[in-house]
Each structure stands twice: as C-alpha cells, then as structure tokens.
Amino acid sequence: MNIKSITTSGLLMLAAAVGWSQTSDDPRLMWYEPADAKQNEEITVYFNATRGDQGLKDFTGDVYAHTGVLTAESTSNSDWKHDSKWLDNDVKYKFTRSATDPNLYSWTITPSVFYNLYSGESIKSLCFVMRDKEGKKANNADIFIPFAGGGDDVVTALGAYVSHTSDGTTLTVTAEHGLLLITPYNDCVIKVITFPDGIDAPERQSITVSATPEAVYTVDDEEDNLTLLTSATKVIVNKSNCAISFADAAGNVRLSEKEGINNSAHPRKVTFKPMNDIGFYGGGYNGQRTNQNECTIVMDNKQQWGWNASYSDSRNICIPFVVSTSGYGLLFDDHYRNAKLTPSSTFGTTYETGSLTPIAYYYVGGDGSMASVLENYTFLTGRQELPPYWALGYITSRYGYKTQEEAKSVIQNIKNANLPLDGIVMDLYWQGYDESGMGNLEWYRNNWPDPQTMMSEFDAQGVKTILITEPFFTSNSSNYAALKNLGYFADEDVSNMSWLKSSNVGLLDATNPDALDWMWGFYKARTAEGVGGWWLDLGEPEQHDGDSSHNGGTVEQVHNEFGNLWIERVYRGMKDDFPEVRPFLMPRAGTSGMQRFATFPWTGDIQRSWSGLQAQIPALISASMSGVGYMGSDVGGFAAPNGEIDAELYLRWVEFATFSPAMRTHSAVNPEPYHDSYKNIIDDVRRYLNMRYSYLPYTYTLAYENATTGMPLARPINFHSESSSTGAGCTDEYLWGRDILVAPVINSSTSRQITFPQGRWVDLNDLSRVYDGNTTISYDAPLSLLPHFGRQGSFITRYTQESYTTTGEIDHTALSITYLMSDDANSTVTAKIYDDDRISTRSLEDNAYLLTTIIGQQLELGHQIEFDHDGSGYADMPQSRTMTIQIPQFTDNIDHIGSTSPTATYDLTSDGGFIALTSKADFDAADAPAYYLSDDKTLYLKADVPTYGNTAIFIANSESDPTSISSVAADASGIMLEYSATTGVFSYSMPSGLSDATITVYDVAGMATDLIGGLTADGTVRQTAPTCALSGGLYLATLQARNADGSTLTRTVKIGVR
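Numbered continuously in full-length UniProt numbering, the sequence shown closes out at residue 1058.
Since the hints were made in silico from the structure, they are not lab data.
Among the hints, erroneous ones may be present.
Unchecked claim - Result set (BS3-like, lysine-lysine): computed pairs, CA atoms no more than 30 Å apart in a straight line:
id : residue 1 : residue 2
1  : 679       : 408
2  : 340       : 402
3  : 524       : 501
4  : 191       : 92
5  : 679       : 402
6  : 81        : 273
7  : 57        : 133
8  : 239       : 302
9  : 408       : 524
10 : 85        : 38
11 : 38        : 302
12 : 57        : 85
13 : 269       : 258
14 : 92        : 81
15 : 57        : 81
16 : 273       : 258
Said to hold, decoys possible - The calculated label-pair distances, taken between Cβ atoms and stated as ranges, are:
id : residue 1 : residue 2 : range
17 : 409       : 679       : 14 to 22 Å
18 : 305       : 845       : 40 to 48 Å
19 : 679       : 846       : 44 to 52 Å
Everything numeric in this text was worked out from a predicted model, so none of it was measured.
Ideal Cβ placement from N, Cα and C applies to all residues, glycine included.
Required output: the full structure, derived from the provided sequences and hints.
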C-alpha cells in the first residue's frame, strides 16, 4: 500500500545489526527479535522513538502501527500486502511503552498468523508507519524491516560443510561442491573466496589490495557452525550450506550472506541478506547522489565531456566498495568492465560480474562507525601520504597555455591582482603547436625556448609547474613509430580520436611493464628539469576499442585497471628516483587503491553550469567514502561550448572550493579570476582564496588524519552522528573534517535550506548565532557569503594573516583559534594541530613533526585550556607560537587569567600575568599575555605557547572558590610551601614541635593525586619531590601538620606543573 498521500513522502531505511540490548540508546529505529525467527514463530518488534525523524519522541499518548508486509509478489516498496486500514485503532495494533524507557516500544506477534499469510507465501519485509491514534503524530515515513525468516532456506553453490583445515593464515573449508577460503587480514578485515569443483582458473592478481594478512585467529568447531574468531570479529559458517555471517566480538551480526559467492556460474554473483541499512556510500563518484542505497553502480570508467548532475551513472573513477551506515563495508576485488554493484537495505546487496576468473570479496568491519570502516579499508588498500603543502593552495590551469611568455604573464597577472598562487598547469600545448603533439613528451621549443629557466623562476615565486601526459600517442608525435616497432601499443589506431588531428593515434599498453618503464624515462627527465607534479589525463582509457590487445588480459579485464597501473608506475618512479619529493599525481581515472599513489583526481570535463556545480558535492562525498581523499574539480566549470561566462556561478564555485581538497580553476574560457568578466566579484574571490589559505592549519591536520587513519577530508553530514538517518542522502552539504559544516549555495539564489547534523552548530559568519542539530532552517546567503558552521565543542585553527602570496611565505609562528565551548559543563573538548616542515617525505616515519593537542574543560575554579605536544619537532621549527584564542559567548565572570608553561609560571591568584585590556584595538596591538572581554561576551586571549612540554591557560572565576581554599596568603602559623616548576620539587618549612606533617596534591577537580609524608618540622627550609609523576596542568597543594594541642595547621598553594 502506498500511504504517502497520508504521510510525508520518503523511504526511511534502518540501521543494521542484531543482538543489541533493548533500550532507546540502540542506534536502530525498528527491529525484531529473535533475529533468526521464522515467519511462523513468535517475534517481538521494537520501535525506538528517538531515531528516525523523532516524530513520536517523548510522546505520552498511545502509539499504534499501520502495518503490512512485502512479499515475493510485491512489485515495489509501495505494494504492501495484508496491510491494515489507516487509523485502525484496534488494540492489536497498539505498541507497549517500556516502563523504564518511555521512548522504547514493543509489539509481539507471530507474522504468518497476524498477517494471515497464504500457504507458500513468504515475507520479504515487515512494513510500518508509527502514529498516534489520530495519525497526527508520526515518524513520517514508511519503515521497512527486512525479514530474514521468510521463505525457503538459503541454498549456496558450495553446498554443505564437509571438513576444514587452518594454516594460521587461511581457514579452508571443504564443502560438497568446492572450497571456501576465509583469510583475516586484521581483526576487522576478512577476505572470502570460493573455488568450486571443476574451476581451475586462479584468482586474478589484485591491483587493489596492498596489505598482507596479519591477524591472529582461532577456530571453534560446533555442531551447526564453524566459527573463525579474531579479537573483534566472528565469522560464522553455517555448516548446512556454508553461508557466512559476520558479527562483532559481542555477537551482534553486522552482515549475512544470502547465497554467498557463486563462482561456478557465469556471470559470477555474490548475494547478501538485507540488513536494515539506512544508507550506503562510495562506489567511486557520481554527480547525482551520495546515498547509493537501491542504486546499481556499473563499473565502467568512462569520460563524458560537459557532464552535469543530470547524469546518474558513475563517472571516470568506479570503485567496487561501499560503506554502510550500519558500520561495515564491502570491497569486491574485481574490476571486470560493466560489473554491477547494487547495495540494498531492502533486498540485500548484490554484486554481479562477467569476470573470467574466481572473484573475492572483503568484509570490512570496525567498531560500528563508518570512520572505523574507512580506517580498515585504507589499511587494506593503502593510505595516501602527506601531500605537498603547495598542493593545498590555489592552482591555475587553462586549456591551454601555449607559450612560455603566456604562462609567465598569467602568473604575473595573478600576482598583480594580489591573489595567492602555488601552481600552474600546462595542458597538452607544452608538447606541440596543437593537439597533434600529444605523445612527444618533450617541450615544444619553438614556444617554450627555455623551460628549465622558466620553471626555476616560477619556483622562486613559490609556483610549481604541473605538466599533462596521456597514454595516447599521435602518429605525428616523435614517439609513435618507436612504440609501434617495440610492440608497446595495445592499439595502433584508436577510433574516434580525430580531435588529435593525426592520421593515427596509438594507445600504450599499461599492462606491459616494459612499455610503462619506457614512458617513465620521460617523466624522470622532465622532473629532473624542474617539473613539480604530473597530470595523468585520459586514463579511463577515454577510447578503448574492443580489438585492443593487452599483455595483461582482455579489454574487459583491463579497462578499469588501466588507470591504476599507469598511476602506480609513475608513483613508483617518483619514489625510487626522487625520494625526497612528495609526489603530486593528478589522474582523471582509477579505481580502488588509487589513493596510495599520491593522487589528486578531479571530476573530469564538467559543464560550466549550475547543474555542473550541483554535481560536485555528491562526487566529492562519494569519492571520499571510496577512500579517495583529495577529489577536486575544474573550479568555475570546464565545458563552455558557447563561451559561457557567469560571474555569479564562478564565485559560488570558488566558495565551494574554499573547503575542498584541491582548488584549481580550469577551462578554455576565462578560467583565471583576474579577467574583466569577473571584475565585480574579484574582491570576494580574493577573500575566499585567502580564507582557504588561512584554514591550512585545520586542513593540513585533516591531511595528517588521512595519512594515518584514512579519514577523508570531506565527509557526509551524518558521518559523526550516533543516529545516521539525518541527512543520509544529503547532496548539498558536507562536513569538512569533524568540526566544520559547509553548505554552499549551488544555484542562482541568495538563500537556501540548511539541515544540521547531530550537535549544536555556531555560524562562523556570525558567532552569536547557534543552531540545534537535527533541524532544518532557511538561511540568507547573499552572493558574497558562504554558509559554514563550527561544531559547538571544538577548536578551529587558522593562520592569523589577512592575505597570502604562496604557501611558502606563510608565518607559522602565529595561530588564531576559535574555541566553540561545549554547553555541557562536564564535557572535555579536544582538537589536534599537525605541523612539520611541509616538505619531507619521512616526517611521520622519523617522528619529525609537532602534534599539538588542545584540551578545553570546565573546572570547579574556572576554565582551563591546555596545549600538549607530541613528536620530535622538525628543522627550523619555531620555539613558540603566539596563540590568539577567540571564545564567543563567554558568560563567566573573570577574576584573573594565568598560565603555566615550560618557560614561565605566572601567579595564578592575582593578575595571572595576563593583562586585561579595554578595547579590541588595544588587544590586537598588545604582546602576549593579554586578554579582552568584549561587550558581546567574546573573550579574546593571547598567549605565547612553547612548542614543547605542556602549557595551560586558566581562566579563574570571580565567584567563590568551590573548594573553600583561599588564595596563597601566608598562614599565621609560619608554615611555608612553594613549588618549582623548573625542578619539580616542593620547598617547605614548619616550626619545631609540629607532627604528622603531609603534603597532599589535588587536581583542580578536587581529587587527591599524591600524598607525601615523612616531612621534618625544624624551622629550616627543606625540599621533597612528589612520590608520583604529575602530568602537566594546574594543581592545589596543601601542607598540613598537627600542633601539640591537637589542632591542625595548613598551608595551601596553587601550582602549575609542566
């Protein structure tokens, strides 16, 4: 039944897993138990009103279900069978509210009886709309719970279990009709492959997986199941049919096979049961959607000139990997052309391929979060190393700069416009007068007479040179004949390449190692001349005729592998021959694993239109969730067949690119921002380019996270949410890291709707405005404004400069930090800032970096901000950095502000060393330490923070001291107590006659952390050290002794420990 005329339209998919305890803390919206029940057995259905759209959250009235089922006869999700009448309030449809958890409801039925099923009818999904008795309050969506116990038992190609062996790396199961091999790569990544009887073909060599198996596991042999156990995953093999289920260590099933891998049929196929997933991300990139649920992704890397958001197919980078919101991923280690991956929460994920050899899949688990899945996926397929710092700046490009003088004038024009610049890209005209020069791989000296001097001059201005290359060679090029004679072409006459103005065009065979070695010689020579990065274009390949002959297989086997093979050879050459250079490779095509080759891909020849811009966020998020962290675009739009110029569109694209992994303008028509056509927006373009540079401390820290954990820089808005339903399919917003929400305007409008994910969000355009999560608002966004927001409970770090020239001329000694304090007084806010020399290729391996952890917390005496440092530092690292901290909406009354650091300990009980200033202008002009509290309750702090040890800034409240400890005024008893932050030793003195003397050390929360006894009372100054190591921070130390009359004397001081 379709009740969308009654309820708000939409299909709400559900989070997966079974075995959770029944509380509203459960991440699922609806589920049933026992999960393995048959349709003729009793089940209990649970409804969690805190999930989904929360239409019934905290509702106190009766809650009813409108319900039915999907069966094998259902033609769509709206074709419900045996459904109830709308607003039927019979008691049999009423859910029971939990006595201890008022947002959790339950309902017990036997499905076959309750729904009055016909003989032989099988349930595929239970269907619900949850409502009050009047239907006015509802989780306004159709809710589907896939039902695993309907119909016949699973039949797999392997048949029943016979026996098993294990060699410590792989569990091999012998079944009735073949072998099942299960290999854990780590505790969360499991490879599964089958070899049916009569199939002798070996598995095709993987171009995706770079890890080797390293997990320790055990095997439990039980009557019904064979279970492989790692510390985090249970792989359960059903002995009756060899179907596999994957569970976490607690036994919660994340994923179950339906028929598993069928490597005996053609096409080969893998099927899984539906797992109630809210959504799936990844699959490469497309420009229409982020959530791939219920969509078929066809694996065919292909080029489309002038594409836009109306194209639903995947584009130049197809990746057979998806991440479920339920906290697992699936990688299919197969790149056969036109294979089909269909993730489905309703019917179960399937993969189908024409592969000529047996295929494997990898289950990628974790801790239940999407972040842990990506961490494990990039463990398996490799992580991208730290980028060249200049690659994060602005890069100019055109189709194409034709002469040395033109390139020089472009850079000068950009400099004259006071715009920062870090790179310039030469399209194919560096090789020849026109397109027919493609494949020369040498400078066309008529137009580029002295490229080495030119590139040296560019380098001196902080601008790197990037050159295009392609795997196609025209018959006009100097290399065509030699390649033909060597047999290095897969195709000597590629069709539909007339735009290259040559009689023939050859395609290099990327599966021939000798051919790629030959081509590397040219890369090596040009890199030695001064080229800073390489553009690898047309690598789908753009035209790939069916009669091509590859050393490494058929066209269908090779097509989607081609890009990776080419990229890998160039990357390996850079690492071998230029080991001190961070590689920059900009390919248009590739597949799973491409990220480990230092790739900075882009979204191809996108149309210059609003629809072209609208395709960019889905493409960015899909690529990011496929492990490709540095997806860029042709900013402003590339394809403008009629010379279209739209200044409004150009500026909105620049705004979007401000928080993108790469910012590169490119087109044949006015791509550079200094043209007269952009004169009315040039000031705003300059402002956003400078903003991009100012955020580089934040962005470079995201690059560190990507290099060490595989976290993408851009993330779907529900990536860090406990309930992943809000914004699961959002295509016009994204998270930049954890703490910045970006909502660009992507049409010709001055306002837009913005949905906020879980948490609270501060408007970074107006810090006085705060928005609740899981809400949607209308937001005014004039042309010059980019809507972007900071997570409440975060530190957002920037450089302090107002304008920039290149990344090489940035002042790294001063940082600006916006501290968005949590409104939860009990929470601790943390953030990291990563920095190194921004050049070395071994910063992480050699520990040659500075990793600063900032910790903010509300304490009984006030608020504390700590700076802790890890890493051994790097050459020419500043000894300290001036931190200017901005804290909006600071409502505490300030008594004083003090700090401790490895170089200074201020008196924390008086002025604290921080000078209170009365105007923002005075604060800006003052040296550290200083502070200023504005009329709008924004607190500004300025402190010099050493780049070693621990520094703590303490903002003391003016209210009474909750610990009842007075300041450090001398006690009349003559007791003295002091602490040296330099030596870490207490000095004390007490008159003779006192006894039972101790020093107790308390943290600022009032917890005792150390007790020092055995003290001497003789009137002299003595010293004693703490009995345990004290971590850096603020403490209270109390010296206490007993008088002869039994009274107690005390002396308390506040101390700072480095």
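Tested hints:
In summary, the hint linking residue 679 to residue 408 is supported, as the alpha carbons are separated by about 21 Å, within the 30 Å threshold. For the proposed pair residue 340 and residue 402, the alpha carbon gap of about 42 Å is over 30 Å, so the pair is violated. A hinted pair counts as satisfied when its Cα atoms are at most 30 Å apart, and residue 524 with residue 501 qualifies at roughly 28 Å. For the given pair, residue 191 sits about 46 Å from residue 92 by alpha-carbon distance, which is inconsistent with the 30 Å threshold.
Proximity of residue 679 to residue 402 is assessed by CA-CA distance (about 25 Å); at most 30 Å being required, the pair is judged to hold. Our distance criterion of 30 Å between C-alpha atoms is met by residue 81 and residue 273, whose separation comes to about 21 Å. Simply put, residue 57 and residue 133 have alpha-carbon atoms about 15 Å apart, close enough for the 30 Å limit, and the pair holds. Restraint check: the Cα-Cα separation between residue 239 and residue 302 comes to about 43 Å, which exceeds 30 Å; the hinted pair is violated.
For the proposed pair residue 408 and residue 524, the alpha carbon gap of about 24 Å is at most 30 Å, so the pair holds. Of the supplied pair hints, the one linking residue 85 and residue 38 holds, its CA atoms being roughly 25 Å apart against a limit of 30 Å. For the hint pairing residue 38 with residue 302, the CA-to-CA distance comes to about 45 Å; that exceeds 30 Å, so the pair is violated. Proposed proximity of residue 57 and residue 85 is supported: the alpha carbons are some 24 Å apart, at most 30 Å.
Between the alpha carbons of residue 269 and residue 258 the distance comes to roughly 11 Å, so the proposed pair stays at or under 30 Å and holds. Our distance criterion of 30 Å between C-alpha atoms is met by residue 92 and residue 81, whose separation comes to about 18 Å. Among the hinted pairs, residue 57 with residue 81 is consistent with the structure: their alpha-carbon atoms are about 28 Å apart, no more than 30 Å. Restraint check for residue 273 and residue 258: the C-alpha separation of about 5 Å stays at or below 30 Å, so the hint holds.
At roughly 18 Å, the beta carbons of residue 409 and residue 679 sit within the given window of 14 to 22 Å. In this structure the hint that residue 305 and residue 845 lie 40 to 48 Å apart at CB holds, the actual value being about 42 Å. Between residue 679 and residue 846, the C-beta spacing of about 48 Å keeps the proposed range 44 to 52 Å intact.
Checked against the numbered hints given earlier, the structure breaks hints 2, 4, 8, 11 and satisfies all the rest.
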